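*Asks:* Sequence:
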Amino acid sequence: LIGHEEQQEEEEYEEEEGIGYNNTLFVNGSNTPQVANVLRTIAREEEMESSLQLVQDSYLDSIPGLNFHATHQRGNAALALAVCQHAISQYQKHCCYPTLSNNGDVTKEQIAAALNNTFWPGRCHTLTLPSSNNDNQEVSLKLRCDGAHTPISINACINWFQSILTTYSETTSDSVRKVLIFNCGHERNPIPLLHTLHQSGLFDRVYFSRADFERPSAMPKQLLDEWRKEEILTIVEPMSGEECATVNYEVMCNTLKELGMTTSSDATECDGMNKSTWQHTLASIWKVLDLYHSQVVEKKSHPSTNVDSKKVVVGLKVVDAIEDIKKHQQEALREVNGGKASVEILVTGSLYLVGSALEAVGWEEGESEGRLSIH
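To convert a position in the sequence shown, counted from 1, into my numbering, add 2.
Bear in mind the hints are in silico, worked out from the structure with no lab data behind them.
From a predicted model like this one, the values you see are computed outputs, not experimental measurements.
Treat the hints with caution; some may be incorrect.
Said to hold, decoys possible - Think about it this way: if two alpha-carbon atoms lie no more than 30 Å apart in a straight line, the pair counts; the simulated DSS-like pairs of lysine-lysine are:
#1 K319 <-> K223
#2 K342 <-> K329
#3 K110 <-> K144
#4 K342 <-> K328
#5 K144 <-> K180
#6 K342 <-> K180
#7 K313 <-> K328
#8 K342 <-> K144
#9 K259 <-> K231
When you get a sec, could you build the whole thing from the sequences and use the hints?
*Replies:* Here is the structure:
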């Protein structure tokens, strides 16, 4: 059973284990060709190639009334259902299986109810934070948490966040401020993640915060100097649509300096912060991406000389970042002039970071009832 959760570099796929039932290996049919080839190699090595089952999203087409938080969850749900149904059919051949309905089968309605009620804390997870009222003006604060930490899952996370933003009508008086709280493990290459988030063009303000807890790692942190030559952006020739060049952090900085722009302005930081931190590295890459995109890629006619430091905040703990966002509610209120303002906060890049955010706002999963049921 292999879904989208661990799609990283190709060499990492080789370490993934599949869950086979009765020598059958199920994989998500919407995987990229590169991933599919690695999975076929694994199946061949395990002598399971003939029983490799690619499960497409269409496997759920016959199930009515499905309602997922995000579209990418459909593929993983299809995969889970295929495995369960195969396991049940194999089990029924060899022993007396307890009936789940009058005819001994799980109905489509029961399947839909089970999938619709499935919830993963920290994955496409929404919380409404206490509203702020000031002179009859209201600010709606929504915390959107998704522990995406690979390029593919970050892209799915952005699609989910964008789908939420489309629910705000253009004709209403809502002013929607979009805020990002980000961190990722230092073992990862942060550039594809930051590039995808930046390319979305969604965020008015970005916080780079350390999670309260991190996974122990023997790998040393690569700070800014060690990422200078890592490819960040591919330049496409406008007329032909073909890739013509790639640029890295160092090239971006040199180009901006030639245009008379500085890339050394500090982001807003908490007092006494050590600038040689992983979060400062992430923020520096983001700031150069921001300046390069606006002044070189888009070629604005009136370029600014530095990055707006108010848009990037480094070094706050997650709980303090959320409190700082609440303080900036007043900015949102001033913009709407008597209407209703909305603040959408996306927390992503690390499950540890998401866990810190959930703890910061007092969310608890609650105890299990000690039983499973299909309604």
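*Asks:* Look at each hint and say if it fits the structure.
*Replies:* Hint check:
1. K319 <-> K223: holds, 19 Å
2. K342 <-> K329: With Cα atoms ~16 Å apart, K342 and K329 stay inside 30 Å; holds.
3. K110 <-> K144: violated, 33 Å
4. K342 <-> K328: Holds. K342 to K328 sits at ~15 Å (cutoff 30 Å).
5. K144 <-> K180: With a Cα-Cα distance of about 10 Å, the restraint between K144 and K180 holds, given a limit of 30 Å.
6. K342 <-> K180: This hinted pair holds, its Cα atoms lying about 15 Å apart.
7. K313 <-> K328: holds, 15 Å
8. K342 <-> K144: This hinted pair holds, its Cα atoms lying about 14 Å apart.
9. K259 <-> K231: holds, 17 Å
Hint 3 from the list above is the single one not met by this structure.
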